[in-house]
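Hey, can you work out the whole structure from these sequences and the hints?
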Amino acid sequence: MMPAERELHSPARVMLAVGVSIALSAVVLALFSKDIGSALEQFFLEPFSNRYFLGNYLADAVPLMIAGLGVLIAFRSKNFNLGGEGQLYASALAAGVLALHLPAGTAPFAVWFLAALTGVLTGAAIGALSGLLKAVRHVSEMISSFLVSAIVINVSDFFITGPLQDPASNFQTTRQLAPKFLLPRILAPSKLDISIGLALVLIVAFMIVDKRTKIGFELKICGENEEFARYCGIPVAAYQIAAMAISGGMYGLAGALLVIGPQGRVMRGFSSGLGWSAISVALLAQGSGAGIVPAALFIAFLGTGSDHVMIGSGIPSEIVSILQAVAMFFITARSLPRIWKKRGQS
Amino acid sequence: MSGTAAVLADILKYTIVAATPLLFASIGGLFSELAGMLNIALEGLMGIGAFFGMAAAGLTGNVFIGMLAAIGSAVAGSLLMGTVTIKFKANLFITGLAINLLAGGITAVLSQWWYHTKAVVAFTLPPPVPAFPAALSQIPFVGPVLFSHSVLTVSAWLWAIVAAFIIKNSRHGIRIQATGMNAQAVSSLGYSPDRARMAALVWSGVGSGLGGFALGVSVSAFVPNIVSGRGWIALVAIYLGRKKPLWIAASCLLFALSESLSNYIQGFSSIPPLLVLALPYAVTLVSLIASGNKR
Amino acid sequence: MTAVRMREISKRYLPSGVLANDGAELEVEQGSIHAIVGENGAGKTTLMKVLAGLELPDSGDIEINGEPTHISSPAHARALGIGMVHQHFLMFDELSAAENIFFGLEPVQKPRLLRLLGIIDSSGLNEKAKSLANEYGFSIDPSAPVGALSISTRQQVEILRQLAREMRILILDEPTSVLTEQETEALFEKLAEIRHMGRTILLVTHKIDEVMQIADKVTVMREGKTIGTYSVASTSANELASIIMGGVPSEEIQIHKEHAIKGASVMRIEGLCTHRHHRGGVGLSEIAFDVHAGEVLGICALSSNGLDELEDVLAGFLVPSAGRCAFGGLHFDVRKVHEYRRFLKEGKISYLPSDRMRRAAALSLPVRDNFIALSRRNYFSRGWIRSTLARRATQEAIHAFDISAQPEQMTAELSGGNIQKLAIARLFSKEQPELFILCEPTWGLDIRSTEQVHSRIREVQNAGSAVLLLSSDVDEILTLSDRVMVLYRGKQVLTRENSGYLNRALIGEYLLGTRSA
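Protein chains in written order, with numbering that gives the first Met the number 0: chain A, 0 to 345; chain B, 0 to 294; chain C, 0 to 516.
Check the hints yourself; a few may be wrong.
To be verified - Within a straight-line C-alpha distance of at most 30 Å, the following computed BS3-like cross-link-like pairs (lysine-lysine) qualify: (1) 261/C / 224/C; (2) 335/C / 213/A; (3) 88/B / 77/A; (4) 347/C / 335/C; (5) 179/A / 190/A; (6) 167/B / 109/C; (7) 216/C / 243/B; (8) 490/C / 347/C; (9) 261/C / 127/C; (10) 86/B / 77/A; (11) 127/C / 242/B; (12) 190/A / 167/B; (13) 261/C / 347/C; (14) 12/B / 243/B; (15) 189/C / 129/C; (16) 127/C / 167/B; (17) 210/A / 429/C; (18) 344/C / 77/A; (19) 210/A / 344/C; (20) 261/C / 129/C; (21) 213/A / 347/C; (22) 216/C / 344/C; (23) 167/B / 129/C; (24) 216/C / 261/C; (25) 344/C / 213/A; (26) 77/A / 242/B; (27) 213/A / 429/C; (28) 109/C / 243/B; (29) 129/C / 243/B; (30) 33/A / 117/B.
As the list claims (entries may be wrong) - Cβ pair distances, simulated, as ranges: (31) 183/A / 341/C: 46 to 54 Å; (32) 169/A / 245/B: 19 to 27 Å; (33) 75/B / 160/A: 32 to 40 Å.
Said to hold, decoys possible - Which residues of chain B face chain A? A partial, calculated answer using Cβ under 10 Å: (34) 83; (35) 84; (36) 90; (37) 97; (38) 111; (39) 160; (40) 163.
Hint data in this document are derived by calculation from the structure and do not stem from the laboratory. Positions of the beta carbon are idealized from the N, C-alpha and C atoms, including for glycine.
Shown next as structure tokens:
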């Protein structure tokens, strides 16, 4: 590191990333909207303005919390899971199919449990595949997870638009689940349901496992120094595969909960982009389990604000991708250039 | 020509056309791989090149200007990625992801702004310039397969040849290779590995921009998700080709063939189109596993 | 004319605090081959790094060709005509020899456009390489990729690279550590030719026989200081050896050994061989030993003579090419690493790595985590951490071993010596194993800590464990060992009881290769 550069520390990076995204969103709104005042209000204030909007905003944060946690766990073992889109989507479909085929008299709780389990197992299997390929064939888990994801998305699309298509609907989607099979809502009339509780429980559980259990301890060491982990007799390969499996499982759980929750069915492309957003969440959380919640809330906020501003001012909601990308740049930069220092000094 | 031969010729001809964007992008990506950087932004850079290239070509009615715009915009993207990664010491994979996200966002927003739609934007372009005299393309079988292609398609192969030459035979190419082999040695000998890396990323930008532009030209439009995973396939082609231009070209042809076949099968068979769409990815994944790449 | 004059050079490395050079001096005549010798840690490499601009001295003066100068960077050193051939070559494996030699200076094609584009004139490049090589009596194939070449040829390429850049002062750092005897002969012929052409060569080595063979003058260093400079013609190998080792009579080293009651053989190794790594390093050749309960077997060697390889084999990190092992009642082929690693896992063998930073610590984790990592069974009950116990045990270890640290502190903040003590404390807090493998246990520790560690080793020895002590510190080996083994160039050259007959000077001769069994 050159002496003239300054190392950016973790909290500074997060604040910079968040700050710049917010500033940039204001700039984008100014550029593209006809009435900047109402655009700003729609982006920043509307999501909090009533129960309906607030509930929906929180509901959007839930899959980000769960999937983001999964990505964080993969990061722990220095693995990069880029297959989240497919893991989430395929698991959602698997869970949905299961729920649609359960007899009408099944207890709701059993439905939720089985659907969630199906989602987790499907996602875990897909994730584990990439982990195995890396351990056995030295294939980059980034590339393999992406390719597998692309395959399963197409296969899932085939099932949704083909054998599983709801004959009564104009959209490309499966049939709807029976209303009593859906997760109970809180904060009506929004789509927020009890899965937010599960998300928080999972995060707390992770924090506990991470700090207080042997498994969390060994995983941490695998990620920090592989040679040292071997010296301590920790089975590094097993942990690597497990981390990818858990990461996939989390994506799968998020997908399943969306299906038995706000969606109620599996519509083609319903989760597009969630996979990448979860990575942004994990990055913002900077390795801390507790950080997942504010990180998910922030990323969800960028998305919700963009949606509001699209409905209200016609600005394309894809600005959220630009905002996320910029946040990522700032989050991952590790040192500031000389120019900054000079300005700071004068 | 008989019916089967005509069908085969069609498939092969389309294979070469489909290989064009892959070849452009993978050879561009080869530079960054040789410099020691796994560049996952090829996908996004192709998208940027497609959009700005088609926009410029549509605006001016000049394909060459479109090509320059495609190159320029993708290079800008790779310069951004390079600056954040190299100067600000960021993680290469995350900046790559960010570029992919950025590409999707910018193209959608600008598409809405300039063309008032986020869906297909059709462009009227001048007809493609054939690379070979018409007489050659009349030769049975070989004619349509090899000699009916446009200048753009043939350029992809020229690009590959020129790039291969530069890599092996120029000081610049040697320096890029050396940076990937032993960056510490490079700096110990008094040269800057960072400069070589940045240059390599710029080359990726050139290749990806051209690749995206070729995609746009092939359908005379910009379509959201026009790249559709080809940037990743180009990346795998680099590995499969063991970083050698000749084998990379062969891999591109292999993947293009699977795309061509899947199009053909869709045309008349009862195998569902969506499953067939997954075929190129599956072929790519299987090749990757079979080659057991040592990364 | 004096090519190089260095005076009062001092250099302390932070954060380890090691004083590598302590007022060192050097004077080298132009057109000569000048050797710099000393034990491990004598300061030779540091002094040369200062000369090559890779390190900045804390104090001292340098004169090159009579001109006083501060060598501020490798580029500056190059501008002064100083080039260094490192122990670990800076090679581009997939490029040809000619491309490696002329990297950055490749001749380009004549036509204007090609010249601007930097297109290389390949045949011109190969010719240039060939003629340069012939000038000095080297023979290389300029177009062969260097990755496929033998180590000695790669070294020749490395040397030619410096010559291609018109370096007049050539520093070679332990050049023969990776060469066979014949290859060394060939190298020396080339060096003589280079000297004949008027260049100056500095040869850093610990091999006395080579010094006697090729050098004109030799400077001896010890503990960062220059002991003296001698003309090779007017000294002998033995004399030189005793100057290097310091000739401390063994009576002065306190031997607090109760005569250990040797128990049964705990581990026996036979016919251990490893492949010579293609990048350098030496292969082990037919190593055989056994170690008994209650005994300390000290294995000693200078760097690059096979001690690292032996450690990696005993750690289960390197798979040997041949050998048999008897341990714990089992006889097995050492290539079955899994069987061997089991003993490490089960705690029957306790191993202390020599590379503290990389292998024995996770620097970004707190001290407590590093401490309990090796005995997870004790500190986790049914999967849950016993944090009070962990904290208490860490604290006790910190106290018992005099470590300057807090359990919650990040390990990276500790000094090198304290990290070492932590690794030792961790190992000695476990249940007593059948065999200890301790590698460089007191490297970098002060005298008091060293004594503490030594008394711990004696304790476990008396309690019945066998101890394999791998160390390049001869004093330590003599103090602790019941039997001593010396490695030279990967071969076993001495295995002897540590009776009064063994002393520093004698062991030195085996280490330096001037005497073999």
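Here is how each hint holds up against the structure:
no.: 1; hint: 261/C / 224/C; verdict: violated (41 Å)
no.: 2; hint: 335/C / 213/A; verdict: holds (29 Å)
no.: 3; hint: 88/B / 77/A; verdict: holds (18 Å)
no.: 4; hint: 347/C / 335/C; verdict: holds (17 Å)
no.: 5; hint: 179/A / 190/A; verdict: holds (15 Å)
no.: 6; hint: 167/B / 109/C; verdict: holds (18 Å)
no.: 7; hint: 216/C / 243/B; verdict: violated (51 Å)
no.: 8; hint: 490/C / 347/C; verdict: holds (28 Å)
no.: 9; hint: 261/C / 127/C; verdict: violated (65 Å)
no.: 10; hint: 86/B / 77/A; verdict: holds (23 Å)
no.: 11; hint: 127/C / 242/B; verdict: holds (29 Å)
no.: 12; hint: 190/A / 167/B; verdict: violated (60 Å)
no.: 13; hint: 261/C / 347/C; verdict: holds (19 Å)
no.: 14; hint: 12/B / 243/B; verdict: holds (24 Å)
no.: 15; hint: 189/C / 129/C; verdict: holds (15 Å)
no.: 16; hint: 127/C / 167/B; verdict: holds (18 Å)
no.: 17; hint: 210/A / 429/C; verdict: holds (23 Å)
no.: 18; hint: 344/C / 77/A; verdict: holds (24 Å)
no.: 19; hint: 210/A / 344/C; verdict: holds (24 Å)
no.: 20; hint: 261/C / 129/C; verdict: violated (62 Å)
no.: 21; hint: 213/A / 347/C; verdict: holds (22 Å)
no.: 22; hint: 216/C / 344/C; verdict: violated (51 Å)
no.: 23; hint: 167/B / 129/C; verdict: holds (20 Å)
no.: 24; hint: 216/C / 261/C; verdict: violated (48 Å)
no.: 25; hint: 344/C / 213/A; verdict: holds (16 Å)
no.: 26; hint: 77/A / 242/B; verdict: holds (25 Å)
no.: 27; hint: 213/A / 429/C; verdict: holds (18 Å)
no.: 28; hint: 109/C / 243/B; verdict: holds (28 Å)
no.: 29; hint: 129/C / 243/B; verdict: holds (28 Å)
no.: 30; hint: 33/A / 117/B; verdict: holds (19 Å)
no.: 31; hint: 183/A / 341/C: 46 to 54 Å; verdict: holds (53 Å)
no.: 32; hint: 169/A / 245/B: 19 to 27 Å; verdict: violated (51 Å)
no.: 33; hint: 75/B / 160/A: 32 to 40 Å; verdict: holds (38 Å)
no.: 34; hint: 83; verdict: holds (5 Å)
no.: 35; hint: 84; verdict: holds (8 Å)
no.: 36; hint: 90; verdict: holds (5 Å)
no.: 37; hint: 97; verdict: holds (4 Å)
no.: 38; hint: 111; verdict: holds (4 Å)
no.: 39; hint: 160; verdict: violated (27 Å)
no.: 40; hint: 163; verdict: violated (24 Å)
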